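Throw the hints in and build the complete structure from the sequences for me.
Below, each chain spelled out in residue letters.
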Amino acid sequence: MPYLKRPVTATLFYGVASLLLYALLFAYADHFVAWAEQTKENKALFLIPVVVAFVFSYFHGAFTGHFWETLGLRAAKSSAKATTKPGGNPVTTSPAQQDHPSSNRPLAQS
Amino acid sequence: MESSLFIDITLTSGLALFVVGFIGGMVSGFIGSGGAFVLTPAMMTLGVPGIVAVASNICHKFPKSLVGAMKRHKYGQVDVKLGLIMGVFAEVGMLAGKQIMTGIKHTYGDVGTSLYVSVVFVIVLAIVGSFVLRDAYRMFQQEKAAGGGVSPHQTTRLARWVQAIRIPGTMVWFPSIKAQVSLLFIIPLGFATGMLAATIAVGGFIGVPAMIYVLGAPALMASATELVIAFVMGLGGTILYALDGVVDIRLAMIILAGSLFGIQIGAIGTTYVKDSVVKLVMGLIMVIVLFSRFFYVPGYLSHLELISPLPEATIATLKILGDATLVLALAVGGLTIIVALIKGMAAHRLAQEV
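Quick note, the sequences are listed as chains A and B, same order. Numbers in this note's numbering are just positions in the first sequence, counted from 1, shifted up by 4. Numbers in this note's numbering are just positions in the second sequence, counted from 1, shifted up by 7.
One should not assume that every hint holds.
[Said to hold, decoys possible] Here's a subset of chain B near chain A, in silico, CB distances under 8 Å, partners left out: (1) Ile58; (2) Cys66; (3) Phe69; (4) Pro70; (5) Tyr82; (6) Ile246; (7) Leu250; (8) Val254; (9) Arg257; (10) Met260; (11) Gln271; (12) Tyr279; (13) Ser283; (14) His355; (15) Leu357.
Hints in this document: simulated from the structure, not taken from any laboratory. Note that the coordinates shown come from a computational prediction; the quantities given were computed from them, not determined experimentally. All C-beta atoms, glycine included, are put in the ideal place defined by N, C-alpha and C.
Structural data, given as structure tokens:
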């Protein structure tokens, strides 16, 4: 989705997605509570909070990242750090790489 | 009818958890952990049963740490290998810590476990916190003497010794340390991190200083790697509590909503500061949290009849003061991060204009 590389569009997309997820969570809050209470009888239900947490972290994590970026809060360009393997060449995260549009992709994919 | 473990969430309680989550997230993004020590008591104050508060806190911790670790990985600060190895052994340590807590609870009751937690708080935070703060002060002095330059990362004598020990079949290369270290040193450090996490909810108070002073990792990388450890521990902890059906996903996701806003700021902040600032924030929080215990301990001693009984009103007042000190620790940490971020951004902009 190339249009999501633009910070404002990405912020709006992930913001709406995140808002929808929270709306669904609270619209069906009684169900989530009931599933938690039934976990002792049906152990497979333990997966629900785990999956919910992963899904929310993907969409809300991407939203909050783009949100601050849209407001101008970005990492310092000189934050590149080198890591070296024995006998290998230094691997560096260059400022150019950090500013590359692909760095706008959702955090859960980075 | 069996009463439900899950409370009704009001707008006020939801907003309060969102704000605490936000500041806690900011601190976590910056020093790798923190915030958890305020969230559990905050939820319990709202009427959430202790076990649900702990479980929901852990359930917000692992997705938060995942997002923070990925963000800081983009900045080249995370040692994934070290984080995963320490995380696995921290998981074992957490289980052991939970067993110890359960044993103490069976023998001495809730007050016994609270006193045990306080003793661990005081010993660990007094020793490690004052050491970290002293090291931050030393680095600031060196930076001042060098005219504001960055004080180079200095490997401690202990870390040099650890790196020099060669035990065949156990040596692993870690990028953050830029050396091979025996797994036999990593295992107890991971275990201790998990034990502390199970006891005072913040394993990073051991994990981060251990990576810096025992293994020789720079503070920025140690605090970023701690997020991987927190993710592994948090995921394992969530599964355990979810199997008991005590995770309140509504509470966890409200805290997560705030903490993911905060963790982004904390992570971005690390790209503008020196190692010494990370140590300063961590040391400050640890020492202020340590003082909170002085308000709780008289109440526990009174309940265990180890001192003359105190009036309930006095115990309640002391508890409020203790909770307020915890909030103060978080607020001081959050404020220090914001000030460091603003100063760092201004200096960075100035340097780019020249």
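Hint by hint, where does the structure go against what was stated? Just the numbers, ascending. 1, 13, 15
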